[in-house]
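6 protein chains.
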Amino acid sequence: MTTIAAPVDPECDPRVRAVFDDIRATRRTDHVNAFWRHLAFDAALLERTWAEVKTVMATPSALDPLTKELVYIAVSIANGCSYCVHSHTAAARAKGMTVAQHADLLAVVALAAKTNQLATALQVAVDPAFDQATRGAD
Amino acid sequence: MTTIAAPVDPECDPRVRAVFDDIRATRRTDHVNAFWRHLAFDAALLERTWAEVKTVMATPSALDPLTKELVYIAVSIANGCSYCVHSHTAAARAKGMTVAQHADLLAVVALAAKTNQLATALQVAVDPAFDQATRGAD
Amino acid sequence: MTTIAAPVDPECDPRVRAVFDDIRATRRTDHVNAFWRHLAFDAALLERTWAEVKTVMATPSALDPLTKELVYIAVSIANGCSYCVHSHTAAARAKGMTVAQHADLLAVVALAAKTNQLATALQVAVDPAFDQATRGAD
Amino acid sequence: MTTIAAPVDPECDPRVRAVFDDIRATRRTDHVNAFWRHLAFDAALLERTWAEVKTVMATPSALDPLTKELVYIAVSIANGCSYCVHSHTAAARAKGMTVAQHADLLAVVALAAKTNQLATALQVAVDPAFDQATRGAD
Amino acid sequence: MTTIAAPVDPECDPRVRAVFDDIRATRRTDHVNAFWRHLAFDAALLERTWAEVKTVMATPSALDPLTKELVYIAVSIANGCSYCVHSHTAAARAKGMTVAQHADLLAVVALAAKTNQLATALQVAVDPAFDQATRGAD
Amino acid sequence: MTTIAAPVDPECDPRVRAVFDDIRATRRTDHVNAFWRHLAFDAALLERTWAEVKTVMATPSALDPLTKELVYIAVSIANGCSYCVHSHTAAARAKGMTVAQHADLLAVVALAAKTNQLATALQVAVDPAFDQATRGAD
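Protein chains in written order, with the numbering used here: chain A, 1 to 138; chain B, 1 to 138; chain C, 1 to 138; chain D, 1 to 138; chain E, 1 to 138; chain F, 1 to 138.
Honestly, the hints are just simulated from the structure, not real lab data.
Check each hint, because a few of them may be wrong.
Since the list can't tell identical chains apart, any single copy or any two copies may satisfy a pair.
What the hints assert, rightly or not - Under the rule of at most 25 angstroms between Cα atoms (straight-line distance), these lysine to any residue pairs were calculated in the SDA-like manner:
1. K95 <-> S61
2. K95 <-> A43
3. K95 <-> R15
4. K54 <-> D131
5. K95 <-> D30
6. K95 <-> P14
7. K54 <-> A133
8. K95 <-> D9
9. K95 <-> C12
10. K95 <-> A129
11. K95 <-> I23
12. K95 <-> D13
13. K95 <-> P128
14. K95 <-> E11
15. K95 <-> V56
16. K95 <-> A5
17. K95 <-> P7
18. K95 <-> P60
19. K95 <-> V53
20. K54 <-> A103
21. K54 <-> A6
Using the sequences and the hints given, assemble the complete structure.
Quick look at the structure:
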């Protein structure tokens, strides 16, 4: 069941082909997963989305690649995106996530969701000590 | 505005006092933030919640303390918990989060939310390669 | 801060006046809370929304009034609606919710949010025993 | 997998039959989709829900029918409702949504989800210029 | 499709076996449902999660067992957790939920979600009458 | 209250200044709203976010500018982003949204949230008629 028929032969479109080639090269795999094959229904949306994924996830930055995948999984769980939980859990394993780290991640996500509910239920006002507005730039 | 009046003198209750003492000792601070002071309206709920926070967040485990805070912030953003975003951003700073790491965290959270929506919109079926069900235990 | 200016004198409109009169009579109070005074910007939306609230919440049905308020609070917490958490916590108190019941409610909501995240993280397939599709009507 | 067994012969109940007849007439189709066939487990809930859908979606109003479907899809994506994303994407196509409009819709939904996260992460205070509270009625 | 391979023979681990035995004894059934069999990938996470479920849901408290299940279902719907909606709807039936109560629950959940959106859309300020902050402890 | 201190003099950074100039030119206003002034804490994140907003929202495309704002508001409501609901409601007014259109938008958003909950509660299987997977490309 899907809401978009994936193009039968998406790489006929040279813009799609270029993105798929870059996905294969960046990830060092022949597998272009279903998300990209469906997003290929619109070349511009595919290009912009891949460009952002590549910039944020595949470019060296302040956080290491595994930490970024853990954050990605956490957000995907909180948003209830089944596909994304699957694909990013697989990606995290490929980047070295151990079973113990996976369990730890789930413990933090579950605890955060729990205390999020409690704070929302209590409607606690934010402690002035947490405010950054009255400080100068970091 | 709050839905619960924080107890005026919560530490009269020895169970509450014991939790607050442990919070101060564990965090090496005199400040018991508003979340805990409000949750003190029910000593059992306070005890169980703090016990879990201490176990998950303040006990050495497979993920380092800063990574756990980053995941906590990510979930709190996705769940729209204003109080929690404030308190855990402050906690992450206290554990060494740099401005560059903060910006990187936000870039990943924002990207994840975006692709979560796209995958949900397309209702893409999960690639068999991502499934763990047919494998043995890790 | 609001996105709609509440009408200055909403009861000039007889349709709004009729709804406000019914709110006051049904709830036995002179206070028409801010939600309704803002929703009065569109008489038809106000009428339909109040009619549904009255039917579902103020008409005797299979669940008692307090249980319905507890469910309303739970959904409002999960959806992160600050106004609704406030107004329905107040309503539940007015209908007799004790402090112990409030604490119990929060414990269940927090636990549910936690196991929701775990089940979503694991992407567990539903046990056939839980399925109703192969049964006849209840 | 479902949590409610759809009634085997729902139209035995004249209240259900009347709703189904109205669905068929309003939509000019013989197909009563699964949502309504399951909701038929409670005639009153079915009647009220269909009455609202008909009033809001099938009655001429300030927004045209396709725009209303696009908004419906957007909310269904944000709420992660798989069934609703499917049914309302199909409905939007039936009302003339082009592939280019679909791609545009997804780009806006994805962008909104992204900036929602950023604004929540930053906890930016609302600009006074956006407030309507200090103005008179529109 | 799952992100974790359930351990093939989880009860080899005595910690897992003890939890499963307690689940069977507490619920008076031989069926350990899939959630727990998957969570068994990490014995500590399994132990802590079950301990909390048992404390909150299976210990006599201020709310009766069926009311707690109704709240659990409501949160699971709002969070879009398919597995949890299935398992807790089944649990509520086992604890005596009637079809009329189920329909009533759904009516309240649906109404709450609707007014949550309206209040969020209007950004209504909370009525001072709903505030508990200026009162003493209950 | 904010989690990031907005830079005191953000336009000292030529990259920030270039973005702010483009915002002012694109929107024909001197007002750079708080979201952008806070996001300026990281020039790269600011640049990428504005570039996407400009491409998606300010470039002629398959949907007209007002429809895109309505979708943006709908997603922001569903995600509970207070700031975004305010800023995009103001933007929609500026692009011509009437009070009647605003009321209509809220009616659709509220209805969608309601039926989202019902469909999730019932766990209805998607009708085969809604599936696009077995069709060729549109």
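For the identical chains here, do K95 and R15 meet the 25 angstroms Cα criterion within one copy, between copies, both, or neither? Neither, since 29 angstroms and 30 angstroms both go past 25 angstroms.
Identical-chain pair category, K54 with D131, by Cα at 25 angstroms: between (33 angstroms within a copy, 24 angstroms between copies)
Within a copy, between copies, both or neither: where do K54 and A6 come within 25 angstroms Cα-Cα? Cα proximity of K54 and A6: one copy only (22 angstroms, versus 28 angstroms across).
Indicate which option fits the pair K95, I23 if close means a Cα-Cα distance not exceeding 25 angstroms: within, between, both or neither. Intra 16 angstroms, inter 35 angstroms, cutoff 25 angstroms: intra-copy only.
Between K95 and A43, at a C-alpha cutoff of 25 angstroms, which is it: within one copy, between copies, both, or neither? between (29 angstroms within a copy, 24 angstroms between copies)
For K95 vs D13, is the C-alpha pair at or below 25 angstroms within one copy, between two copies, both, or neither? Classified as neither; 31 angstroms inside a copy, 28 angstroms across copies.
Is it within a copy, between copies, both, or neither that the alpha carbon of K95 lies no farther than 25 angstroms from that of A129? Answer is between; shortest inter-copy Cα gap is 16 angstroms, intra-copy 37 angstroms.
When no copy is specified for K95 and C12, does a C-alpha distance of 25 angstroms or less occur within a copy, between copies, both, or neither? neither (32 angstroms within a copy, 30 angstroms between copies)
Should K95 paired with P60 be assigned to within, between, both, or neither, using CA atoms and 25 angstroms as the limit? Both: 14 angstroms inside a copy, 22 angstroms across copies.
First find the shortest C-alpha distance between K95 and A5 inside one copy, then the shortest across copies, and answer within, between, both or neither for a cut-off of 25 angstroms. between (31 angstroms within a copy, 18 angstroms between copies)
I want to check one pair: K95 and V56. Are their C-alpha atoms no more than 25 angstroms apart within a copy, between two copies, both, or neither? both (16 angstroms within a copy, 23 angstroms between copies)
Pop the pair K95 and P128 into one bin, within, between, both or neither, using alpha-carbon distances up to 25 angstroms. between (39 angstroms within a copy, 19 angstroms between copies)
Violation of the numbered hints given earlier is confined to hints 3, 6, 7, 8, 9, 12 and 14; the remaining hints are satisfied by the structure.
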